[in-house]
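Novice: Numbering (mature numbering (1 follows the signal peptide of the UniProt record, and there is no 0)), first residue to last: -31 to -1, 1 to 107.
Derived from the structure by calculation, the hints contain no laboratory data. Even glycine gets a Cβ: it sits at the ideal position worked out from N, Cα and C. Please note that the accuracy of each hint is not assured.
Said to hold, decoys possible - Think about it this way: if two alpha-carbon atoms lie no more than 30 Å apart in a straight line, the pair counts; the simulated DSSO-like pairs of lysine-lysine are:
{"no.": "1", "residue 1": "K55", "residue 2": "K29"}
{"no.": "2", "residue 1": "K55", "residue 2": "K24"}
{"no.": "3", "residue 1": "K96", "residue 2": "K29"}
{"no.": "4", "residue 1": "K96", "residue 2": "K20"}
{"no.": "5", "residue 1": "K24", "residue 2": "K96"}
{"no.": "6", "residue 1": "K20", "residue 2": "K85"}
{"no.": "7", "residue 1": "K29", "residue 2": "K85"}
{"no.": "8", "residue 1": "K20", "residue 2": "K55"}
{"no.": "9", "residue 1": "K55", "residue 2": "K85"}
{"no.": "10", "residue 1": "K96", "residue 2": "K55"}
What the hints assert, rightly or not - Now the in silico label distances, taken between C-beta atoms and shown as ranges:
{"no.": "11", "residue 1": "S56", "residue 2": "N25", "range": "32 to 38 Å"}
{"no.": "12", "residue 1": "T38", "residue 2": "E6", "range": "18 to 24 Å"}
{"no.": "13", "residue 1": "A15", "residue 2": "G75", "range": "32 to 38 Å"}
{"no.": "14", "residue 1": "G75", "residue 2": "G14", "range": "36 to 42 Å"}
{"no.": "15", "residue 1": "E28", "residue 2": "K85", "range": "29 to 35 Å"}
{"no.": "16", "residue 1": "S2", "residue 2": "I36", "range": "17 to 23 Å"}
{"no.": "17", "residue 1": "G95", "residue 2": "D48", "range": "25 to 31 Å"}
{"no.": "18", "residue 1": "P86", "residue 2": "G52", "range": "15 to 21 Å"}
{"no.": "19", "residue 1": "E6", "residue 2": "N84", "range": "17 to 23 Å"}
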Amino acid sequence: MKALINTSKRGAMFVKACFLFMLGLTQLAFAQSNSIESVVTNQQGANIVVKIGMKNPLEKQPAGFSIATPSRIALDFPDVVNGTGKSTVDVNIGDLRTVTLVEASGRTRMIFNLNKPLNYAATIEGKYLIVTIDGSGG
């Protein structure tokens, strides 16, 4: 009888461990299920607006940085893949030449290739990240 109880406890512990493992895999798959679906650009006055469509809403804004030479803005999207089917989007609006998407090390880096150093701001609106590049140079 005691052996039957111990076996039953071990079986329950095994089932619980399997459940927790599967739950962890599900969360990992969900965390990596986001993708960049579209990149649309337009000009609003001196500003260049880039509307980045996501499969799922972002929880927080991607980390970003800019460099002066060559003039670029880069945004890192962790656990996001490139779902656009393109690695480069030709823009040629104002001082924005192209947008490049590179996947590596579990993230997608979006690079805005500029003619000169420019400031930017980003906001999340539902399933979109809106990047506004200050074309006035200020």
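Novice: Are the hints correct? Go through all of them and say.
Specialist: Hint check results:
For the proposed pair K55 and K29, the alpha carbon gap of about 24 Å is at most 30 Å, so the pair holds. About 16 Å separates the Cα atoms of K55 and K24, which keeps this hinted pair within 30 Å; it holds. The suggested pairing of K96 with K29 holds, with an alpha-carbon distance near 12 Å, which does not exceed 30 Å. Using a Cα cut-off of 30 Å, the hinted pair K96 and K20 holds, with the two alpha carbons roughly 10 Å apart.
Only pairs whose Cα atoms come within 30 Å are accepted, and K24 paired with K96 is accepted, the gap being roughly 7 Å. Using a Cα cut-off of 30 Å, the hinted pair K20 and K85 holds, with the two alpha carbons roughly 21 Å apart. The hinted pair formed by K29 and K85 meets the criterion: a straight-line CA distance of about 28 Å does not exceed 30 Å. A threshold of 30 Å between alpha carbons decides the hint, and for K20 with K55 the separation of about 16 Å falls inside it, so the pair holds.
For the hint pairing K55 with K85, the CA-to-CA distance comes to about 24 Å; that is within 30 Å, so the pair holds. For the hint pairing K96 with K55, the CA-to-CA distance comes to about 20 Å; that is within 30 Å, so the pair holds. The given range of 32 to 38 Å is broken by S56 and N25, whose C-beta atoms sit roughly 22 Å from each other. Restraint check, T38 to E6: a C-beta distance of roughly 32 Å breaks the suggested window 18 to 24 Å.
Take A15 and G75: their Cβ atoms lie about 36 Å apart, and the range 32 to 38 Å holds. In this structure the hint that G75 and G14 lie 36 to 42 Å apart at CB holds, the actual value being about 37 Å. Taking the beta carbon of each, E28 and K85 are about 33 Å apart, inside 29 to 35 Å as hinted. For the hinted restraint 17 to 23 Å between S2 and I36, the CB-CB distance of approximately 31 Å leaves it violated.
At roughly 19 Å, the beta carbons of G95 and D48 sit outside the given window of 25 to 31 Å. Checking the proposed 15 to 21 Å range against P86 and G52 shows it is violated: the Cβ atoms sit about 30 Å from each other. Here the CB-CB span from E6 to N84 is close to 27 Å, at odds with the stated 17 to 23 Å.
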